[in-house]
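Chemist: As a plain string of letters, each chain reads:
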Amino acid sequence: MGKWWSALFGIVMLACLGMFMVAPFVPTWWLPEGVSTHSGQVDALFYIILYITGFFFVLTEALLVYFMYKYAGQPGTTPRPTEPAAQGGFYAMLHRWFPDAHRVEVAWTIVPALILLFIAFAQVPTWLEIKDRSRKPAIGGEKTPIQCHVSARQFEWRVRYPSSQRLRNWQTFTTNEKTIADFKSFASFDGAKPRHPHLDDVPVVNEVHTWKGQTILVQLNTIDVIHSFNVPHMRVKQDALPGRTIPVWFTPTKANTRYNEETKRWEDAFNFTTGKPDMGYRWEIACAELCGWGHHRMIGRIYVHENKADFYRWLEHVEQSQAPPTKPQQKVAAR
Amino acid sequence: MRLAPVVLKSLPVCLAVTLSILLGGCTSDTYSDAIRYLVRTDPLVMDAENLGPERPEPDRPGQLPLMSAKDLLELPNPFYQNLADAEKANLVKTGKLRDPNLLTAVDRKNLQANLDQFFGSRPNRPRPGVDSEAIRKLRLDEQTLAKGSALYRVQCLHCHGVTGNGRGPTSRWVNPHPRDYRQGLFKFQSIDQVAGIRKPSRDDLMRTLVRGVEGTSMPSFGLLNHEDLELLVSYVIHLSIRGETEFQTLKNAYDYKVEANALVPRSSSEPLDTIESFVAKLGKDWVDAQDKAIVIEPKDDDPKSRAESVHRGHALFMAEDALLTKAFPAAKAADLNNLKGASCVKCHKDFGRQANFKFDSWGTLVRAANLTTGNYRGGSRPVDLYFRVHSGINGSGMVAFGSILKSEQIWDVVNFVRLLPYPEMLRKEFGINIR
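Those sequence lines, one after another, are chains Z and V. For the first sequence, the tail end lands on 334 under numbering that gives the first Met the number 0, and the numbers increase by one without skipping. For the second sequence, the tail end lands on 434 under numbering that gives the first Met the number 0, and the numbers increase by one without skipping.
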């Protein structure tokens, strides 16, 4: 083969490079479209790391191919040591193959270390914004979130919403102490069980709803094994650990759900820009931690309504289907 | 070393293996023709109530609870360690179980042929069997069933089995075990059962598919598209009608002869007649049940009436005289006595924490739910609990209380039961102490 080996390695490198260049332009080959407020930052980190590793991949491969070509072995020759061995025994053998080149070694240790340091610090602001509890959206803060409780179990996501009335209170009376206490009590748990449940909580399965531009705070726990709440479109991924309740939050920037007059159901995968159903707008919650035989089917969906009114229409609809019909309240005479 | 010849020689073999795997996988969404609906071989439970006494433990240390009545026949069964040998055999001889293996070869062949005539012999070509009205109202036409059957094979078969017997390959590792459809009994439904056991509606089966059964291995299938779920519902109804026809025929058209230890046809009339009558009856039952949903009346709902309601629910649950007279001051003694009949605590001992194991209609050991865990298998919506109290849970021993309790009283029980997982809340907000 001789010098042909270098050609083989060169072709493989070029093929890899070519695939990376083409992939972003083929719809389902690359990252799904980011539709949350922080997806831009996550993607920026991804691209920074991709460019750095890509650059060094090309550099090292090019050097490899060049040296393979230049120093290709010929039949009948033996490798020639570059430096006479100073010591005998084991070290002589080692030195024969790995001659000392101190400066180069220092360089290839310090440069990657600096790059790693850069990456470690560059990602801090993004990480804080997505995960750090000090940035957790709070009631009365910059953005009052809606809350839901997602309880993972083999093999589905069981979701609990507060009643529409309670949710409206959280949204309206953001400085009222009672409301704030109520808001916090929603996420206070006794194991996997809410400590202060409300009789009018709304249970749904495999559906997390919010509306466009509205931050949602997901209180995540699991009732059996470890699961992972992964929403690629929202650039969110968080493990659910037994015995812990972990807050996850994101703010969608696009809507994908509308009420279908024909089927009388709220349906996702709807592209509001084109006004047509579009599978690119199906945003799945995929379990990202192998949790048992049904792991592959542990899929939920994110439903982002177009506006607040439509979201409440949905929530009230679910509420009505679960609760007893009530008599019209009698008017209380005003004093 | 020269690699090329070795590689070249093994290439055809590699290609053949790869191709056979790929092509074999291509037909995986259809049944092989070798898969047939067979006459059941596991025993029928004839007398669930007297299978054995209540017990505090399932009595099978280190093992899953009984999967089906078949486990009761398998010897030596640790379940019967403490009983006399004679009693083991008695289960069949006393008529509590009926073993279809005791049919003669000819009878079995006849039964198989007759069932096949109505329902088709293979799951890849199921036939509805029922009359045209039932086919129309329950969506049991052949096309729907064929599609539903293909989907069932992918999604359901590995637990629920080819004939819906709840004994698919994975069922052995699943606790509680998957449902056996072949008795036509469905636990979680919204159809009025006060006047007697009725079939569930299509919507009920759909709800179970979409929401799953919390606390069991039945997950939600809500991500399949709606039409596919409709197909599955149709096929489950088909399996249930086929299974129940077989069940009723084996139960009613044959007699067990103790001396011969055999099952013999009861009358001289053709078994086909009986099967036909069962199929017709079942088709009608299913159609009739569809519009018999439980009607829920509107009620007051404000914090004060809710608190009173929880107190009344507490009294009804405990069925104690002192509590009842306090909660229903206007009621007459006879009415109170009547209300005492709805005692929840009789089975849900210590709110279900010390409930005894009993045999259900499938011959497996079950216990009244532990209501302090907040896990409701039939759904956690208030209306779901209402349905359970009003119409009971078929096959499980939970009876319909709709005949004893009025609509408002059922809501009382529901309001109280929903607070049971949170004793602190009951104590602080309602002054009810439970330990």
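Accuracy of the hints is not assured; some may be wrong.
[Said to hold, decoys possible] Restraint-style ranges between C-beta atoms, simulated for each label pair: (1) V:329 with Z:177: 54 to 60 Å; (2) Z:236 with V:175: 30 to 36 Å; (3) Z:271 with V:296: 39 to 45 Å; (4) V:434 with Z:266: 44 to 50 Å; (5) Z:133 with V:14: 55 to 61 Å; (6) V:426 with Z:118: 51 to 57 Å.
No lab work stands behind these hints, which were simulated from the structure alone. The beta carbon of each residue, even a glycine, is placed where N, CA and C say it ideally should be.
Chemist: Confirm or reject each hint.
Modeler: Here is how each hint holds up against the structure:
1. V:329 with Z:177: 54 to 60 Å: 36 Å, violated
2. Z:236 with V:175: 30 to 36 Å: 33 Å, holds
3. Z:271 with V:296: 39 to 45 Å: 41 Å, holds
4. V:434 with Z:266: 44 to 50 Å: 48 Å, holds
5. Z:133 with V:14: 55 to 61 Å: 60 Å, holds
6. V:426 with Z:118: 51 to 57 Å: Holds: the Cβ-Cβ distance is about 54 Å, inside 51 to 57 Å.
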